[in-house]
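Each chain, written out:
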Amino acid sequence: MELHLILIFMICASIMAVEIKDLISSVIALSAVGLGLCLAFLVLKAPNLAITQLVVEILLVIVLIRATIKKDLPLVRDGRWLFNTVSTLLFIGIFLTFGYFALKELPNFGQPTMLVSREYLANSLTQGGLANIVTAITLNFRRFDALAEASVLFTAVIAVLAITRKTGKAHDK
Amino acid sequence: MSLYFLCFMLFCVGLYCLVRKRNIIKIVIGLGIIEYSLNLFFILLGYRTQGRAPILISEQELINTVDPLPQAMVLTTIVVGLAVMVTVVSLALRVYEKYGTFDITKIRRLKG
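If you're matching them up, the sequences are chains H and P in order. First residue of the first sequence: 1, per the working numbering; consecutive thereafter. First residue of the second sequence: 1, per the working numbering; consecutive thereafter.
Treat the hints as calculated values from the structure; they're not laboratory data. There are no misleading hints in this set.
Computed list of lysine to aspartate or glutamate pairs in DMTMM-like fashion (alpha-carbon distance at most 25 Å, straight line): (1) P/K106 / H/E19; (2) P/K21 / P/D103; (3) P/K98 / H/D22; (4) H/K104 / H/E2; (5) P/K21 / H/D22; (6) H/K166 / P/E97; (7) P/K106 / H/D22; (8) P/K21 / H/E19; (9) H/K21 / P/D103; (10) H/K70 / P/D103; (11) H/K70 / H/D22.
As the structure is a prediction and not an experimental result, all values here were calculated from the model.
Whole structure, please, built from the sequences with the hints as guidance.
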């Protein structure tokens, strides 16, 4: 029941984040969604994820506020406002219809199949050597995931440095 | 089942924002909402009713835990999502620097 409340709170906050005109208020509403996600992770018995989500959320709010401070844009309605909104809602309706059919194929809520992780649960202390099974999976059983994650982070750093570079070669004169 | 549907609704709010809005920062926010809903969906798939967190405690049998594999994967996804968001925000700042606006319909002129 509390999960339903948290999810409804997240949906309300995300609608606010989408529809508010002021950009900084919108960013704050997005961070409210992230906080709700953190609470949902705690209720769903995933404490590692809750901690990571909180830290990432703080960093993201700092970056987004840096991007939006003192830069605001009045949102204007153009002539095709009705057509654009209706076509977007139609697209989302088609997506929801297909999603409804896909939901029938999923396992019931609260009964995961756990085909792969049964092995991890049995061997985490003997082979992985860690009491926390999520850490044992990330650091021992699926170590290449963490390697790829680190490489993605370094690629993002290189991309940000390349994008925000002040001087190009042609403009040196 | 209703939890899955609420998660889908969150995804749809993000999708509406991503497709419909014209401000680049709003588009970034929509991307963030979609990412949140996907992470939540994976964790919802691995949840077991009345389950425990997947942490071993001494002198206690490990039965009835939630699925640890989606948690390990989402742990990677959250950090990668942060990297993606920072890259997109830096692109948006660069566009603002060059064109002086966040409106995507006004960014038409090609500048050498």
